[in-house]
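Chains as they are written, first to last, in our numbering: chain A, 761 to 985; chain B, 174 to 274; chain C, 10 to 665.
Please keep in mind that the hints were generated in silico from the structure rather than gathered at the bench.
Think of the CB as a built atom: it goes at the ideal place given N, C-alpha and C, for glycine as much as any other residue.
Which residues of chain B face chain A? A few of them, derived with a C-beta cut under 8 Å, are:
id : residue
1  : Y181
2  : I230
3  : A245
4  : I253
5  : Y258
What the simulated footprint calls covered on chain A by chain C, stretch by stretch (three residues with Cβ under 8 Å from a Cβ of chain C suffice, anywhere in the stretch; the number is not a length):
id : segment
6  : 857-863
7  : 871-879
Each computed SDA-like pair below joins lysine to any residue, with the alpha-carbon atoms no more than 25 Å apart:
id : chain 1 : residue 1 : chain 2 : residue 2
8  : A       : K966      : C       : G629
9  : A       : K966      : B       : D268
10 : C       : K376      : C       : K584
11 : A       : K966      : C       : Q638
12 : C       : K636      : B       : D267
13 : C       : K636      : A       : S964
14 : C       : K606      : C       : A624
15 : C       : K636      : A       : R861
16 : C       : K636      : A       : I865
17 : C       : K182      : C       : E371
18 : C       : K182      : C       : P246
19 : C       : K636      : B       : A264
20 : C       : K636      : A       : S957
21 : C       : K636      : A       : E958
22 : C       : K636      : A       : R954
23 : C       : K636      : A       : E960
24 : C       : K636      : A       : A955
25 : C       : K383      : C       : V496
26 : C       : K584      : C       : D316
27 : A       : K966      : B       : Y271
28 : A       : K966      : C       : R635
29 : A       : K966      : C       : D632
30 : C       : K636      : A       : G859
31 : C       : K636      : A       : L854
32 : C       : K636      : A       : P862
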Amino acid sequence: MSSLLAASIPDVGVFVVSAVIVLAGALGVIFARNAVHSALCLVATLFGVAVLFVAQEAHFLAAVQVMVYAGAIVVLFLFVIMLLGVDREEDPTLEPLRGQRPLAIGFGLLIALLVLVIGGRANWATGQRAARGAADAPGENVELLGRSLFTDFLLPFEVTAVLLVIAVVGAVVLARRPPRAELIAMREEEERFRAESEAELASSRKASQSDEIEAAGAANREGES
Amino acid sequence: MSVPGEWYLILSALLFTIGAIGLMIRRNVLVMFMCVELMLNAVNLSFVTFARMLNDIGGQVVVFFVLVVAAAEVVVGLGIIVAIYRRRSGATADDLHYLRG
Amino acid sequence: MEALDLTWLIPAFPLVGFLTLLVAGRRLGDPWAGWLATAMCGSAFVATVAMFFALVAVDGHDRHHVTTLFTWIPVGGLHVDFAFLADPLSITMALFVTGIGSLIHLYSIGYMHGDRDFPRFFTYLNLFVFSMLTLVLADNFLLSFLGWEGVGACSYFLISFWFTRNSAAVAGKKAFVTNRVGDFGFMVAMFLIFATVGSLDYATVLGEGVERMTETTATAVALLLFVGACGKSAQLPLYVWLPDAMEGPTPVSALIHAATMVTAGVYLLCRVAPILEHADPMAMTIIASVGALTALFAATVACAQDDIKKVLAYSTVSQLGYMVLAVGTGSFVAAIFHMVTHAFFKALMFLGAGSVIHGLHEEQDMKRMGALAKWMPITWSTFMVGWLAISGVPPFAGFWSKDEILAGAFLDNKLLWLVGLATAFLTAYYMSRQVFLVFYGEERWRSPEHAGEHDKEELTHAEKSVGGHADDHGAGQPHESPWVMTVPLVVLAALSVVGGALNLPFAKSVMFLEHWLEPSFGDALHPHEFEGYTQWFLALAATAAAAGGIFLAYSTWYRRRPEELANLEPEPLKKAWYVDAGYSALMGGPGRWIADKTAYVVDKGVIDGAVNGVATLVRGGGDQLRKVQTGYVRNYAVGIAAGVVVLLAYTLVRTI
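Just chain A, with the same shape it has in the complex:
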């Protein structure tokens, strides 16, 4: 790690404040009971990240982050939350899956720990320098980004465009409200399926497979002797 003294105070200050906002927002997302509160905390985090982008000379990306992420994606989230009424609180103390909480927290912390330890031992950034064009070349950040995007990364750019089109089409198809008759048929089919699968699960749990084989084996031996 390079010396703390080499950085100027305002830079450090900006970093610390942004970092706090980011982490606080993240914690807010996962601990908030109400889904709307989670969304708003997410916005905070996104803003913090945008600020950090600016601090690292990625101006275009910061702008895009705010516009797309905070402006469009989170808004979409809120639309869906409001539309579907998913803002009902879930009971945070109840955890239906056994061992999920401790395992989750344990693994999560382990990941963080291991990454930090590995990074601490080795050099953090070991890749090739300026493989795709220098970031600090003369010119605006947008210009540099655009140049790289339309020359080196043209194919991914076009493919991503196609992806966006597909996503739009997919979303429309998925969210389509089917006509009433189809709705009724779908509901009936779903009821039937659910009843069948519940029955099957219950019966297979009752007589586990190994028991059946034991019984068959015993019958065989009795038949032989």
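Go by the hints and put chains B and C onto chain A.
Below, chains B and C without anything else, positioned relative to chain A:
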């Protein structure tokens, strides 16, 4: 001389961890989705940091793409969630366990 | 093409006979099926004689001609041809196999007349002759083994010919299974030979192969082949099948269990004489001792048997013991000599016994015979010749061959010679007892108890249709047999008289058989060297033993009623020293226990258990692994996180 890049990377790791833990703990589908967004943001942050540390514009290009794909993913994902919620309201991630072995 | 290239004709004739009878036997019927079979066997004999002369025409040391028909097994290092070897030893064997075989085929036409399964009998007989010829004419171990198994199978077929009778079926099985034990020895010996020499041809193995073998290997091979010979040639402890084999028709007993199949073991040992010489001398001692012991043992048992065929059966075991003794003491020529003469007189006596049985309407108990000399003169006179021959009375054939064996034993080991001498005494005794019981004394077949009883033999006779008997069945007079049965008797009797001329010991020049067989044995042949009058002394001793036995039997059995002499036939002797009972107890008791344990514990428990266990294990594993798929996405996320932790830990460990 601005803040050393390693600090950003540590922050990114922490943010990623928080997102991962949240994904594993929360049952509300939308909140889980938001945790995925957290993780993506953490990665974006680390990419931009690397772009600065390695003096490579390619890092920022990657972030650009991640942003686009994340947007598309959110669109489709929310569409799916809407489709699911139409059938059964109040569904959590735990209610969809029919693919058990 | 040389004349000897036609050696394959010899086994071809009986093979053609077999195939023809297999297809058309039923249609040919009684007696044409029999004449066809006899003609085939006779043709084989003619072919053998022709090959014999062809071989004589060749110079002494070149008498070794291989005729290859086709390549049988060309697999990697193993190359086995279907090839026949014409050398003195094999042609000698083939001569008496086909010769005596033809005579017995002729005899059987009369003996089996009226039997429902007449054609089947001759089908089997021809198959047997083919297998036996393959055995003796083969030029490699594997082809011999093919013939070996073939004669074993035919023996089974023919012993249980009247398979509707339980005792016959059981006897057939017993013969086959006991033979199998011996076959195991033969097979392992073949494996060993192939492993050390790399070839199974007699020429290669017995020539350069012997030099390449270590003494240990040669000893192992010798002993293993001896195990095989014990099975086939009925030595201790694998002789038990031979007495039971008397369940088969008498011609079968004559051909297979007197003249030919049982000699296969002795033939094998003689064939591998170079290996026997190369082995540790202890192997030869073992062979000789087993032979001597068998001879003595069987002779004691024969003294107390009542069934006319059982006496001859044990007698065969005893004489085979002599042959094995000869092999064990290095007198290979003597063994072959005795094999030939024994074939003559034993076949003669079996056929004579068959004639007696036939004449008395299937009576086999000697205690119910008697005074047949005047009723069946030809049978009587020929049987007497055989009797004198086997007892070792000069100048009949048996004396010369037995004397040579005893001489060889004397040179090797005095104790074995004494055992042989004692056996000779006993042989004379029991054979004379048989003669006096059957042909002299009172006409015990006239006694009233007999007229009402039904022998087990009579049941079989009832199964046959009564054809060719002019007199009434059951209480009739004994009658002489038809010419098809008496002609072979006369021929064999003549051979038993003059057969000794093959190898008279007076001078080197008249030892025809020894000269003839020299190329086959090579260095393994050690002619006997006697000082001064030792030879005369030995001959005298042998003759004295024979005379003593005959005299003892005469004074006890001639003109005496058998009931008075019951104490001369103690139970242990009658029951063959309880050997059979012993085997039954062994296999029924511990043997059965082992089989039970192996079947249920090892096979079902361990092996099946292992296989089933693997399946159960897999299923159990699957059951447990299935639990990972809970269906909850959040669990899967935890799984992914765990994987990430593992990867990071690995990276950390690597970079430390």
